[in-house]
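2 protein chains.
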Amino acid sequence: MLDNEPTPVDDRPLDLPAISRRHLLMGSAGALASVSLLGFSPLARGQAPATLPEFAAWKSLNDLIVHSANTMETRRDAIGSGVLTPSDKLFVRNNLPAPDASIAADRDAWSVNIDGVNNPRALTIAELKTMGVETVASVLQCSGNGRAFFPHGAGGTQWSVGAAGCVLWTGVPLKTVVNALGGVADGMNYITSTGGEELPAGLDPKTIQVERSIPLAALDRAMLVWELNDNPLPVTHGGPLRMVIPGYYGVNNVKYVNNVAFTPAQTDTKIQVSSYRVRDIGVKGSADQPSMWEMNVKSWVTSPLETASRGRTMIYGVAFGGSQAVASIDVSLDGGQNWQAARFLGPDLGQFAWRPFVLAADLAPGEYRVVSRATDSQGNSQPENRIDNERGYGHNGWKDHGITLKVT
Amino acid sequence: MLDNEPTPVDDRPLDLPAISRRHLLMGSAGALASVSLLGFSPLARGQAPATLPEFAAWKSLNDLIVHSANTMETRRDAIGSGVLTPSDKLFVRNNLPAPDASIAADRDAWSVNIDGVNNPRALTIAELKTMGVETVASVLQCSGNGRAFFPHGAGGTQWSVGAAGCVLWTGVPLKTVVNALGGVADGMNYITSTGGEELPAGLDPKTIQVERSIPLAALDRAMLVWELNDNPLPVTHGGPLRMVIPGYYGVNNVKYVNNVAFTPAQTDTKIQVSSYRVRDIGVKGSADQPSMWEMNVKSWVTSPLETASRGRTMIYGVAFGGSQAVASIDVSLDGGQNWQAARFLGPDLGQFAWRPFVLAADLAPGEYRVVSRATDSQGNSQPENRIDNERGYGHNGWKDHGITLKVT
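Listed in order, the protein sequences are those of chains A and B. Sequential numbering from 1 applies to the first sequence in full-length UniProt numbering. Sequential numbering from 1 applies to the second sequence in full-length UniProt numbering.
Among the hints, erroneous ones may be present.
Copies of one chain are not kept apart here, so a pair can be met inside one copy or by any two copies together.
[As the list claims (entries may be wrong)] Simulated crosslink set (DSBU-like; lysine-lysine; CA at most 35 Å straight-line): (1) Lys-129 <-> Lys-284; (2) Lys-129 <-> Lys-399; (3) Lys-284 <-> Lys-406; (4) Lys-206 <-> Lys-175; (5) Lys-175 <-> Lys-406; (6) Lys-399 <-> Lys-206; (7) Lys-406 <-> Lys-206; (8) Lys-406 <-> Lys-129; (9) Lys-284 <-> Lys-206; (10) Lys-399 <-> Lys-284.
Quick caveat, the hints were computed from the structure, so don't treat them as lab data.
Required output: the full structure, derived from the provided sequences and hints.
What follows is the structure, encoded as structure tokens:
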């Protein structure tokens, strides 16, 4: 299984220029350097991961596939049928090595600069906490979730289904902050957030900095978040403060956020201009291609995954609408020839959350190709096939996400 | 604070007959015996609890007030503002010492007998799991939550606010099971559930067995539950299998359930007939008094609890409707003279869940009496005062649940 084949290096959205060996060790391939610095051991193929990197050592190793020091996905069989993903099972994907844990020593003192508003200023978390608070359940998902299913060998971490989870975010709506600062300045079209990772010396910051722009329309849902699942946001996941845009792919949810600017144009960082762009295989990334912003409708089965005993079997999975609420879910036991409506399970946590689903199936011995197909509140259903693209982004085709079940 | 005054013995719903010392050690005061057997150390007043009993050793000691070997409540300042209570913070209250952990060695093999239906039979958890599944969020609350606020010294564990939590239960609706067994037999009026605790020898089982009857109408919400917060139900909380009646007080949610009978009359166990009965102070319990079945509307502040700095302060708490959904929540900063509507926080997990609430208050230096008053979907609001009763049950008066906040 691809799941058991960790890639030896971090998923790099940035096509690095030729750099010296010293830069390689210091630079955006810091993940490589951190392999030893963080006590993480690269693995031979098929080996079970033995350790977690130090900055994620609190995670549940048994529930994770450790692809690299900066990329860990939740095992498909650990996703379960819960409405929420426990923090210690949540996937990890950092574009740059995480800052030292010491940045969370005084969380309330963390400061974020708000620019492109009528009264720009810096605000500490302590100040943000008095301005407003909301808790939203939403799916966090990497743009490359499902990349392992692309046959052309899309570069980057070979995520299967587990670069996604549904969690609770608590923070202040960005709109509340903006209103308190006199509103968005005229002529602004984007929300541009900057991550506070320390940048390696000697490289053009524009080529490595995690700074992302999203359309201003997302102001209705953007949040500055200090809690994950009702606990202080771990540094592993962007604490003390993270920009969270429910319904948008993970990369837009900028970690360690220290600057939020309303801007007329998108930022000219590499991660915005040419990375996370959907284009045909073999084509280079550029700003005229679609950016990985809003997520699409998606689902997959989580149990059983390989075998079951004859008779009544409960088939579980998760489904979400991405940027819209998920409305319904169908399951097929014969690879998509016949479909049955499955049932959502548990409380509905809102537009941006996933919903576990269940289908009771009476199975005779044999082999079944089990696939699921979700439909969102706008009537969009998962397509049958992936849309092939250079980097393997946004895969929500139901066919590739199916599993083959042997019933004995 | 009463919170810090653990009672030296377990909360006993059963008025034990005079028994020998041997029986005392073996019998329903087994909690006392278990004080040493379980490695739990009774505490002097004011001492911080040092250890958890073995059957609850996985709990978060820092978040709990350990009243006795069988009774632990969540600290008020640990309740927080989350929509769910993590399992390791959830209060513990067992009427009898918990069975050995070995009863969960083969969870799927646990068997429950279903009687008083047209086709009575025993079912294993493995079988129940194929019959149906649902996940419901509901408040679990001890009948005596708030007992510490009764000035007459009601006997039993001196719970403050923390004998309550909101959790996810996963299991099969009892109605689904009953329908599969031909429906409820004619003439039945109650659902009677029996706990599988081992009973001490030499005592009349009727005086100690945890067997509770609830009205048949609760069949619409009763569940046979095998998961708590998406994990196998811990033995500490009644696993492998527990009867859960969302909206009903804790005692009706029979742990280690091994028999569910539809019956014409209520069971004649002491825990049903004379315990958990609401009566005037000094009156003995009897079957003509109200039983602790459906919960009432309730709320309390969780933060801040003692001091705050002048200026904008966010006041947090939790509110629930009990057997109905909670509809609104008001907060007063002057002991109930003036009220302001507070705002619910986070996703609504349904009729039986609690909702965290928040109120932004601009506070000048001084002392504030902060109280909260919830209203359910039927228009029932918390009363100002407690209804005094012998055992200190069902306290939802808003006055006693307030806190005094010093703002400097």
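Violations among the numbered hints, reported as their numbers in ascending order: 1, 3, 6, 7
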